[in-house]
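Numbering of the sequence shown is given in the working numbering, commencing with residue -4 and proceeding in unit increments.
Source of the hints: derived by calculation from the structure; they are not laboratory data.
Yeah, the Cβ is synthetic: ideal placement off N, Cα and C, and Gly gets one too.
Be aware that one or more of the hints could be misleading.
[Said to hold, decoys possible] Below are the SDA-like pairs computed for lysine to any residue, each with C-alpha atoms no more than 25 Å apart in a straight line: (1) 96 to 38; (2) 98 to 194; (3) 96 to 289; (4) 98 to 64; (5) 486 to 474; (6) 595 to 557; (7) 98 to 485; (8) 486 to 345; (9) 96 to 250; (10) 98 to 287; (11) 96 to 160; (12) 98 to 122.
[To be verified] Label pairs and their in silico Cβ distance ranges: (13) 64 to 471: 48 to 54 Å; (14) 578 to 44: 57 to 63 Å; (15) 186 to 544: 35 to 41 Å; (16) 112 to 166: 32 to 38 Å; (17) 606 to 63: 42 to 48 Å; (18) 70 to 359: 35 to 41 Å; (19) 206 to 599: 36 to 42 Å; (20) 163 to 108: 38 to 44 Å; (21) 283 to 582: 32 to 38 Å; (22) 325 to 247: 27 to 33 Å; (23) 207 to 186: 25 to 31 Å; (24) 112 to 70: 57 to 63 Å; (25) 304 to 63: 53 to 59 Å.
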Amino acid sequence: MHFILRAFHGHLVAVHFTTVPMNEENRLSRLQFIGSLVLVLTLALVLGAYFILHDVRLFEGHVQAMEAEFMRGHRAQLARQVESVQSYLEHLRDRSEALLKDKIRAEVDQAYQVATTLYEQEQGRRDPAALQHLIVETLRPLRFFDGRGYFFIDDLQGTCILLPTAPQREGSSLWDNRDDTGHYIMRDLVRAARAPVGEGFSRYRWYAPSDPLRMEDKVAYVRLFEPYNWLIGTGEYLSTFRADLQREALDWISTIRFGLNGYMMIIADDGTVLVSPGNPDAQGRIYRTLQDPREQALIEQIMTLGREGGGFFEYEWFRPEDVQRQLPQSKLAYVAHMPQWNWTVAAGLYLDDLETTLAQQRAVNQSSLRGRVSTAVLIVLLAAAAAALFSALHARWMKSLITGYRRDLLARTQALQQSTAALDDARSMAGREADERRAAEARLRHVSEHDELTDLPNRTLLRDRLVQALAAAAHAGHRVAVLFLDVDRFKTINDSLGYQDGDRILREVAQRLCQALCPDETVSRYGGDEFVVLLPLLERSHQAAVTAERLAQAVSQPYRLDNDEVLVLTLSIGVSIYPEDGQDADTLLRSAALALADAKDEGRNSYRLFTP
């Protein structure tokens, strides 16, 4: 009897052999041949079936995860589009009065310059009355604001010199004119003109052009024309100017496209369709007057969802190119309501675009799966062939001498090593595929949460961090600061240098802001040349002001351009503090934006804390 120690799957196994008669030896050889063949074939089939089923399950799980990720991405894209439009509209409304003041100031400054030029050219050449008449008649026909705007002239005693809309009032006194609140209009205009700078704004109420029996808020700007002690000014209704801004905003929103076929839709609370790229004929009409009852029902559903707080919903609708409306397609939409504008905002994407993308990815994955299955089948066949050969050699070996036995043992050892290597390769392939999938998911998540140009966190990631910071601050009793940053006059710089240099400067600004902050503080690119900084752990409010000064100093360091010119930038910063200036993320961002607007209005290159 002989014993041989052999390593099998990491264990030492003792194999013993006993000398037997020739007939018994042949019978034993056959039994060992059959047993070995059945055992190896069974193992090969089991392992092959296991790896094939594992690959199938892996494929199915990957497809499901991919579908869920694609849907999450579409939902996030729709929400970002709607939130972007909401933010733009809210900012536009908050800035409407300031924008109106800038426009009427510019118009009055031009009229003042015309009057000054005429006075300087004609003084001494005409008598005073003729020169005054020349100035008045020169300004009389001038119009702006789509023909609504005009200039008026009064003296410091309230006498009307020029009033193009009511020339019969010229020469009469307007000193005692009051609005429906009892406010003396002319007296306040004189007060504004008598200010130390000789110019100023006045706000009052006057009869609306659309309704002569109702007064609306109006903003006026006047300058003192000292040669004749005249007030040269103009005014505009705030509601009318906001209506102009709304039309401009709607024109912009109607051009927005995203994804393959995504667009925006705006519906007024009275049911008027304001923006509908999918059916331009519906724009400007009450939805109940539309011919297609399906479109009426859809718009009613959108408005109802907006009134209930907004959210996502899926429905069937037609593509814009399907003029006959015969092939409805699945569509996903996100709806939000804007009570400040009395609008419902919706963004939609066709889901068959998603299905097309998924089908392409499924085809790629199925092709890869077929390749892996073919490989597994080939391995099983090779293992079966090897088993048959191995068993035959084993039977022959039983009839040979000890030397032959040793040679056969070596051959079987090599065969086992080859099988182990093949299995190791299969496991390595599965591990690499899992690592590649996780890396791809991490890249997609990073792209969805960061700005493409600066690689800073985008609005979505900023909002998540702000919500987390507020929750932590509420629990620990800390303060949280939001700093809204705007690079002063960057549009002018961008137009003069070009967008390529402008983008490079924005990237350097982002880098400087990051270097000036602590690791637990966040800087996000909010859009264009605007950034938002989140300070999550403040003990005292003045720390936010210190950080604002540090950021402004970092950005103001000179920038060297390619032509060796030096550029110096400044920042306007608005600061809001939790909990004093807001209890939630939206309020804090809005408060910081208002403080930023104050910083800009007061000359830029400064920071302002929010004041109610």
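Here is how each hint holds up against the structure:
This hinted pair does not check out: residue 96 and residue 38 have alpha carbons roughly 85 Å apart, beyond 25 Å. For the proposed pair residue 98 and residue 194, the alpha carbon gap of about 15 Å is at most 25 Å, so the pair holds. About 45 Å separates the Cα atoms of residue 96 and residue 289, which puts this hinted pair outside 25 Å; it is violated. At most 25 Å may separate the alpha-carbon atoms for a hinted pair to count; residue 98 and residue 64 exceed this at roughly 47 Å.
This hinted pair does not check out: residue 486 and residue 474 have alpha carbons roughly 34 Å apart, beyond 25 Å. Using a Cα cut-off of 25 Å, the hinted pair residue 595 and residue 557 is violated, with the two alpha carbons roughly 30 Å apart. About 20 Å separates the Cα atoms of residue 98 and residue 485, which keeps this hinted pair within 25 Å; it holds. For the proposed pair residue 486 and residue 345, the alpha carbon gap of about 35 Å is over 25 Å, so the pair is violated.
Simply put, residue 96 and residue 250 have alpha-carbon atoms about 28 Å apart, too far for the 25 Å limit, and the pair is violated. Between residue 98 and residue 287, the direct Cα distance comes to roughly 43 Å. Violation of the 25 Å bound is thereby established for this hinted pair. Taken as a hint, the residue 96 and residue 160 pair is honoured in the structure, with Cα atoms around 21 Å apart against an allowance of 25 Å. For a cut-off of 25 Å, the pair hint linking residue 98 to residue 122 is broken: about 34 Å separates their Cα positions.
Checked against the hint of 48 to 54 Å, the C-beta distance between residue 64 and residue 471 comes to roughly 34 Å, which is inconsistent with it. Roughly 60 Å separates the CB atoms of residue 578 and residue 44, a value that falls within the hinted 57 to 63 Å. For residue 186 and residue 544, the hinted distance range of 35 to 41 Å is satisfied, since their beta carbons lie about 37 Å from each other. Between residue 112 and residue 166 the beta carbon distance is about 26 Å. The supplied range of 32 to 38 Å is therefore violated.
Our hint of 42 to 48 Å for residue 606 and residue 63 holds, since their Cβ atoms are close to 46 Å apart. Between residue 70 and residue 359 the C-beta distance comes to about 24 Å, which lies outside the given range of 35 to 41 Å. Taken as a hint, the range 36 to 42 Å holds for the pair residue 206 and residue 599, whose Cβ atoms sit roughly 39 Å apart. Here the CB-CB span from residue 163 to residue 108 is close to 29 Å, at odds with the stated 38 to 44 Å.
Range check, residue 283 to residue 582: Cβ separation about 36 Å, and the 32 to 38 Å hint holds. At about 28 Å, the CB distance of residue 325 to residue 247 agrees with the hint of 27 to 33 Å. As the Cβ distance of residue 207 to residue 186 is approximately 27 Å, the hint placing it in 25 to 31 Å holds. Distance hint check for residue 112 and residue 70: the Cβ-Cβ separation is about 60 Å, which falls inside the suggested range of 57 to 63 Å.
Checked against the hint of 53 to 59 Å, the pair residue 304 and residue 63 fails, with Cβ atoms roughly 24 Å apart.
Comparing the model with each earlier hint shows violations of hints 1, 3, 4, 5, 6, 8, 9, 10, 12, 13, 16, 18, 20 and 25; every other hint is respected.
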